[in-house]
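Engineer: If you want the building blocks of each chain, they are given just below.
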Amino acid sequence: MRWLRRAAIVVLFRPLARIFTGADIIGRQRLPLKGPAILVANHASHVDTLLLLTIYPSKALDRVRPAAAADYFLKGALMSWFSRRILNIVPVARDRVAAGDDVLAPARAALAAGDILLVFPEGTRGDGEELAKLKNGVSRLVAAFPDAPVIPIWLQGAARVLPKGAAVPVPMNCTVLVGEPVPWAGDRAEFMEALRAALENLHALAPPQRWA
Amino acid sequence: MTAISRFLADQPPALLWGLVGVLGALTLAVAVTALLPRLRPGKDYTNLRQRISSWWVMIALLAAALLAGWVAVTALFAVISFIALREFLSLAHMRPEDRLIVLAAYLTIPVSYGFIAADIYGFYLVFMPVYVFMFLPFAMACIGQTRNYLPTAATFHWGLMTCVYNLGFAAMLMRAPASEALPAGPAGALFLLLAATSANDVAQYVWGKLLGRHKIMPTVSPNKTWEGFRGGWATTAALIWGLGPVFTPLQGVGLATLALALPLAGFAGDVTISAVKRDIGVKDTSALIPGHGGILDRTDSLLFTAPLYFHLLAYFGLEHF
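Residue numbers (my numbering), protein chains in the order written: chain W, 23 to 234; chain S, 1265 to 1585.
By construction, these hints were calculated from the structure, which means they are not laboratory data. A quick note: this is a predicted structure, and the numbers were derived from the prediction, not measured. The beta carbon of each residue, even a glycine, is placed where N, CA and C say it ideally should be. Incorrect hints may have been included.
Claimed, not checked - Using C-beta positions, here's what the derived DEER-type ranges look like:
hint, chain 1, residue 1, chain 2, residue 2, range
1, W, V190, S, W1320, 49 to 55 Å
2, W, A226, S, H1478, 33 to 39 Å
3, W, N158, S, V1343, 57 to 63 Å
4, W, A226, S, A1289, 56 to 62 Å
5, W, N223, S, H1357, 22 to 28 Å
6, W, V190, S, H1584, 36 to 42 Å
7, S, R1302, W, V190, 43 to 49 Å
8, W, N223, S, P1441, 29 to 35 Å
9, S, W1320, W, W25, 52 to 58 Å
All chains should be built: construct the whole structure from the sequences, respecting the hints.
Structural biologist: Shown next, in the form of structure tokens:
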């Protein structure tokens, strides 16, 4: 089924991303082409995942897998099929955290298999203006895979194309800014601070593609 | 092969020679960039090389459309208008409530270019400046947000007039019927508009680099100089005076007016978009064209030269418009 995913991304999503977002990218050469690696991005729209998949170099595309909420993306037969076959998500059962389940087990398995994991540490879609509080699951993944590079990515403008709750996408230019890897020094709280700072730095560099 | 040679034989010879000339100029530019690192080593010529590579792509697209005829030209310019408007509306000060108005603004593009395709010049002339001018602010009122209402309505209209209405005149030129006295056909006339506008940009840049000393608009465009402006004006005016009779029906006063006015319009478009970018706080409007920036960075002068060229041709030499 790999060919179906590749075909969907290359033939369908890439032209759509061009039309609806312009798909500008700064720092494309910093995208890792080999796993295990972790991409950490801000989250404001369903456009985010599709945009990141479309700007990824074709040769590494099969390896890129978005971590996504199981309660949302595996709901219903069609959504579930699309999430598994086309997006190839790594499910995170965020509703099972309270029950004490190891919800990051599938993500660790993916990294162990050499995948490039895309994580939105805000945990949900924000308004696209400010970065929300980051959940520290990423730091637990890095602690388990200290050699996996963590690449911060700022997605500017996607919330204007398709904000949370909207049904009609509107073409607006977006910019993807890829940063330098955030180094892991062994301390989880310190790492999350550095990750947040890296994302905010990219945010500051982004063109003013935002509402007035 | 016979199909290709027959196709080329049907094209106005002046247009083909014009395209050959452009390819020659571009090849010369490639040769110069290959020599520059040897003549003046130590400088970074990546941007210059990127610029020229992008020119190949842009010229290939435009040349293919010119040879294919008015349908292709209209479609190409509709796409250019869309990308330009998207760049503009994405950077301009828009309110969150305007999201669906932005969508409505895009929908004026197929209507506006539809009038070109249907060859209804009168409707084209009034659609954007009169009816969209009234409708979009009304739609904004219906949405109900009055904070910054007037500046936003004006911003929408400015973007639509420049990116869609003004650029559309380039495609409208292609609807001149065969009965017109166009020596190289409508495609030849459009070719001269594109060639003269680009030549003006390049000439201003080159004269500015060679002789530029006195800044002309330091707060808007600090790299522009009086020397570049005057040199570009004289070079482009001479080019139009020489090539005008080959590609347009103009002569005498009409041609002289075009030769003197077009370089001014190109300069005006360039610095006007610079002022817009400075207000917004960006250097480039996007990263679509490597070495150049966005579509608006590339078409800035054309936004102003296209209507002027069209109107001077219509007044001095065309019956249809």
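Engineer: Hints first: check each against the structure and report whether it holds.
Structural biologist: Hints, one by one, checked against the model:
{"no.": "1", "hint": "W/V190 <-> S/W1320: 49 to 55 Å", "result": "violated (37 Å)"}
{"no.": "2", "hint": "W/A226 <-> S/H1478: 33 to 39 Å", "result": "holds (36 Å)"}
{"no.": "3", "hint": "W/N158 <-> S/V1343: 57 to 63 Å", "result": "violated (45 Å)"}
{"no.": "4", "hint": "W/A226 <-> S/A1289: 56 to 62 Å", "result": "violated (41 Å)"}
{"no.": "5", "hint": "W/N223 <-> S/H1357: 22 to 28 Å", "result": "holds (25 Å)"}
{"no.": "6", "hint": "W/V190 <-> S/H1584: 36 to 42 Å", "result": "holds (39 Å)"}
{"no.": "7", "hint": "S/R1302 <-> W/V190: 43 to 49 Å", "result": "violated (56 Å)"}
{"no.": "8", "hint": "W/N223 <-> S/P1441: 29 to 35 Å", "result": "violated (58 Å)"}
{"no.": "9", "hint": "S/W1320 <-> W/W25: 52 to 58 Å", "result": "violated (33 Å)"}
Violated hints, listed in ascending order, are 1, 3, 4, 7, 8 and 9; each of the other numbered hints is respected by the structure.
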